[in-house]
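Going down the list, the sequences are from chains A and B. First residue of the first sequence? That's 230 in this note's numbering, and the numbers climb one at a time after it. First residue of the second sequence? That's 230 in this note's numbering, and the numbers climb one at a time after it.
These are computed hints drawn from the structure, not numbers from a lab.
Facing chain B, according to a computed beta carbon distance under 7 Å, are these residues of chain A, among others:
#, residue
1, 246
2, 249
3, 252
4, 253
5, 266
6, 268
7, 269
8, 276
9, 279
10, 454
11, 455
12, 456
13, 471
14, 472
Just so it is clear, CB atoms sit at the ideal spot from N, CA and C, and this is done for glycine as well.
Number of protein chains: 2
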Amino acid sequence: MENIKSIEKEFIDLLHEIDAYREVITLTQWDLRTKIPPKGVEQRSEVVGVLSEKVHQLETSEKMKQYIDALKNKTEDKIIQKAVETCEETYNRSSKIPIAEFKEYVMVQSKSEAIWQEAREKADFSLFQPYLEKLVDFNKKFANYWGYKDNIYDALLHNFEPGMTTKILDEVFSKLRQALTGLLSKINASTTKPDSSVLIGHFPKSNQEAFTVEVLKQMGYDFESGRLDETIHPFEITLNMNDVRITTRYDEEDFRMAVFGTIHEGGHALYEQNISPKLARTPLATGTSMGIHESQSLFWENFVSRSKAFWGNNYDLLKSYAPDAFEHVTLEDFYCAINEVKPSFIRIEADELTYALHIMIRYELEKGLMNGEMEVKDLPQLWNEKMEDYLGIKPPTDKEGVLQDIHWAGGDFGYFPSYALGYMYAAQFHHTMKKELNVDQLIASGDLAPIKEWLTKHIHQYGKMKKPLEIIEDVTEEKLNSDYLVQYLTEKYTDIYGL
Amino acid sequence: MENIKSIEKEFIDLLHEIDAYREVITLTQWDLRTKIPPKGVEQRSEVVGVLSEKVHQLETSEKMKQYIDALKNKTEDKIIQKAVETCEETYNRSSKIPIAEFKEYVMVQSKSEAIWQEAREKADFSLFQPYLEKLVDFNKKFANYWGYKDNIYDALLHNFEPGMTTKILDEVFSKLRQALTGLLSKINASTTKPDSSVLIGHFPKSNQEAFTVEVLKQMGYDFESGRLDETIHPFEITLNMNDVRITTRYDEEDFRMAVFGTIHEGGHALYEQNISPKLARTPLATGTSMGIHESQSLFWENFVSRSKAFWGNNYDLLKSYAPDAFEHVTLEDFYCAINEVKPSFIRIEADELTYALHIMIRYELEKGLMNGEMEVKDLPQLWNEKMEDYLGIKPPTDKEGVLQDIHWAGGDFGYFPSYALGYMYAAQFHHTMKKELNVDQLIASGDLAPIKEWLTKHIHQYGKMKKPLEIIEDVTEEKLNSDYLVQYLTEKYTDIYGL
Numbered sequence: 230m231e232n233i234k235s236i237e238k239e240f241i242d243l244l245h246e247i248d249a250y251r252e253v254i255t256l257t258q259w260d261l262r263t264k265i266p267p268k269g270v271e272q273r274s275e276v277v278g279v280l281s282e283k284v285h286q287l288e289t290s291e292k293m294k295q296y297i298d299a300l301k302n303k304t305e306d307k308i309i310q311k312a313v314e315t316c317e318e319t320y321n322r323s324s325k326i327p328i329a330e331f332k333e334y335v336m337v338q339s340k341s342e343a344i345w346q347e348a349r350e351k352a353d354f355s356l357f358q359p360y361l362e363k364l365v366d367f368n369k370k371f372a373n374y375w376g377y378k379d380n381i382y383d384a385l386l387h388n389f390e391p392g393m394t395t396k397i398l399d400e401v402f403s404k405l406r407q408a409l410t411g412l413l414s415k416i417n418a419s420t421t422k423p424d425s426s427v428l429i430g431h432f433p434k435s436n437q438e439a440f441t442v443e444v445l446k447q448m449g450y451d452f453e454s455g456r457l458d459e460t461i462h463p464f465e466i467t468l469n470m471n472d473v474r475i476t477t478r479y480d481e482e483d484f485r486m487a488v489f490g491t492i493h494e495g496g497h498a499l500y501e502q503n504i505s506p507k508l509a510r511t512p513l514a515t516g517t518s519m520g521i522h523e524s525q526s527l528f529w530e531n532f533v534s535r536s537k538a539f540w541g542n543n544y545d546l547l548k549s550y551a552p553d554a555f556e557h558v559t560l561e562d563f564y565c566a567i568n569e570v571k572p573s574f575i576r577i578e579a580d581e582l583t584y585a586l587h588i589m590i591r592y593e594l595e596k597g598l599m600n601g602e603m604e605v606k607d608l609p610q611l612w613n614e615k616m617e618d619y620l621g622i623k624p625p626t627d628k629e630g631v632l633q634d635i636h637w638a639g640g641d642f643g644y645f646p647s648y649a650l651g652y653m654y655a656a657q658f659h660h661t662m663k664k665e666l667n668v669d670q671l672i673a674s675g676d677l678a679p680i681k682e683w684l685t686k687h688i689h690q691y692g693k694m695k696k697p698l699e700i701i702e703d704v705t706e707e708k709l710n711s712d713y714l715v716q717y718l719t720e721k722y723t724d725i726y727g728l
Numbered sequence: 230m231e232n233i234k235s236i237e238k239e240f241i242d243l244l245h246e247i248d249a250y251r252e253v254i255t256l257t258q259w260d261l262r263t264k265i266p267p268k269g270v271e272q273r274s275e276v277v278g279v280l281s282e283k284v285h286q287l288e289t290s291e292k293m294k295q296y297i298d299a300l301k302n303k304t305e306d307k308i309i310q311k312a313v314e315t316c317e318e319t320y321n322r323s324s325k326i327p328i329a330e331f332k333e334y335v336m337v338q339s340k341s342e343a344i345w346q347e348a349r350e351k352a353d354f355s356l357f358q359p360y361l362e363k364l365v366d367f368n369k370k371f372a373n374y375w376g377y378k379d380n381i382y383d384a385l386l387h388n389f390e391p392g393m394t395t396k397i398l399d400e401v402f403s404k405l406r407q408a409l410t411g412l413l414s415k416i417n418a419s420t421t422k423p424d425s426s427v428l429i430g431h432f433p434k435s436n437q438e439a440f441t442v443e444v445l446k447q448m449g450y451d452f453e454s455g456r457l458d459e460t461i462h463p464f465e466i467t468l469n470m471n472d473v474r475i476t477t478r479y480d481e482e483d484f485r486m487a488v489f490g491t492i493h494e495g496g497h498a499l500y501e502q503n504i505s506p507k508l509a510r511t512p513l514a515t516g517t518s519m520g521i522h523e524s525q526s527l528f529w530e531n532f533v534s535r536s537k538a539f540w541g542n543n544y545d546l547l548k549s550y551a552p553d554a555f556e557h558v559t560l561e562d563f564y565c566a567i568n569e570v571k572p573s574f575i576r577i578e579a580d581e582l583t584y585a586l587h588i589m590i591r592y593e594l595e596k597g598l599m600n601g602e603m604e605v606k607d608l609p610q611l612w613n614e615k616m617e618d619y620l621g622i623k624p625p626t627d628k629e630g631v632l633q634d635i636h637w638a639g640g641d642f643g644y645f646p647s648y649a650l651g652y653m654y655a656a657q658f659h660h661t662m663k664k665e666l667n668v669d670q671l672i673a674s675g676d677l678a679p680i681k682e683w684l685t686k687h688i689h690q691y692g693k694m695k696k697p698l699e700i701i702e703d704v705t706e707e708k709l710n711s712d713y714l715v716q717y718l719t720e721k722y723t724d725i726y727g728l
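Isolated chain A, as found in the complex:
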């Protein structure tokens, strides 16, 4: 027993060391995206390389293996047990790929991103095709190294959504797709059309910032444990649980980018700011999966800040910051305008309803590639067919089609489903929360604290102590269920579009 205690201490010291590297690497990433002068980038990149290799060495070290073997299922400390499991997972996944192969992969990856950029600009898929083929092959090989039970794609899903399987996704996505395309047909057929052009109008950057800061404070984002900066691509980044930063982007003619974008990142940040301090400086002190993380950002962005209750309380405040822009726009027209549904080519510009359809297209293609049922060369055509099938529109070129996202160029397969999962999780949490809290009334009164507290109590505090599907079942007392998203969207759009 005494021995276990001393091994635990050594293990914790190693976790702290790894976490120190993680924190400074993260600081470096924040600085690279927000503050670094252009000529400083080159050497900084080499610095990140040196430190990342250090982390990799520690995570796959002989010492780490010894601690895992000595502590797994032997420690009585629940946090240490979970940390051991997480470290074992990392150890296995990292050590199963032969080093030479991984280095080759990293080289292909970095080349691919540059080539993808060129291919996208030129709308020429053939430039990207050979690289994408290599990346697909590498991912297939890695998936086989890592192993899987039913479907090779499960091994990739596991990287982003532990426990998620192709079987589950096929089922929920199929139901969801039918419901969404059905709803979309009705909306398209409706004669009621919200007019989003009323949202366009001059809104000074500093005023947009002041408004978003007020909303972030309403949400409970702690500015003593975070800060807001400006970047081209907004993001949330966690230095430590008391230093959770977000960024946003301002368009002075269209406030939606900054306002909804900041609330989205603020949702991610609330998750990270409210993890239990007991997990600090361990690999457990972060969101449990991409999907659960996205559920938090989407909860705040869509379920809170695109709701009628929210604008009932905040529309005057918004108008006070942009006195001329919305003078003649009624609250009702404003609410309908920010919820306009309109099939579009670009995923990141999609509305609440069509977004998940964009994701399903990517999911089906990734699954097809990994299972050898599709070939890279056929992707542009398959993409366009699915766009027409699900959204009723066909991209004019591959730039607005198969080449639009960076993910595949970075070798990230299995990532996309988390976006749609996050949306379904959020709806399912929302449904459960409404049983316990009068959510709309709280939002309408501006008292968002009980909502944040509910999310912290049921989700945030656990960090990686629970797996994503474990959280879903613990909180909602049922399995993943896409009905709640469908129900939410149906109610919402029935009202807006008079269906």
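Starting from the structure of chain A, add chain B where the hints point.
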């Protein structure tokens, strides 16, 4: 030979690794002083602790010792030879202090800073005295571990100004003190009195910033390799030679803090931005000493930006940014006002003439303590006596006297002389530069590039490839000579005060 080459490669890899840690620790320090949210500080401090220990381990590792032994005077590469010497120096100084003793010292240090703060606020030296006594004892012990030839204080000077000795300082400071106090008597007796109250007036922060940015660009500060932020205590910090940041502080009623402060930090930054790229990622890629560094900041602050030529060219620009503030102030009155001489209690607020006298007081006390000729308990009285002797004024309390600086609380003995040395170095460089360039005419025309290039050619590019006194002798073809500073000040104040 083949063997030497491969050891050189391994040695360089180790230097790169150490430098990667240095760069991220430095980024962390920048972030701690400029951007970090308050609650993030605690964990960040632990992170810095972990990484600093790592650097210490690498610098004193067995491997490092092996490389030093294998390469010293055996490598044919001059840069590697210098890097080996620098690493040996660090190795020796770090490894000579027993670890337990050093840890105790660090603890006393960190307590002392807090106690000093309290003592200063309460103007109560007795609170600080026992801590200062311990710090003096530690420094004496360390000096003995490190060794010295003539005077124990030399071992401490070496940390900040390698090659500098008590013997040299006694000689130059004695001459300088006589000259400065003589000049000060004449100024005090003069009926001509510049009126610095004309400098006080509203000058919006954003305009001060715009003006200082223009001046920094004139100086040749490269904003693609740096950035300017706002802090309470301005500083220059080097992430890498292409990321050299500065900070400043704005007082909207008195532009001097921001303008002269930024130019000062800009002078430090020019040094760091213009070190030879060949030295990148080695311990040689920084200024060679505190004193030479200060010579660069003071050169720009005093010899350039407090000159008549500079304001002849820039006064209209300044006025364009502060249209009402200096409307009725002539260029001549402005120039005299920014060069007012007035004995004052606080070192960092001192003018060009009295500054060095403040330094000499500290030097004499430090030397006396280290040589056992003075005792800590007598410092307040000794301080005040020297203030009266050199500056003719006596601090009302110890807050404006012996307790004003943080240096001793941090255990930094041997640091102060570098400030005055920097001033003498700057005057000596200025004298030499004037033989080769028409300095005043260049400044008057706003063409500062040849001045920056001269400094780069003779000083900046070498980084730590040359020791401070080596640079002085190579550039000016003589030893350190305080006459040039005296000559410069005499000319300047004879003009301003009609002596």
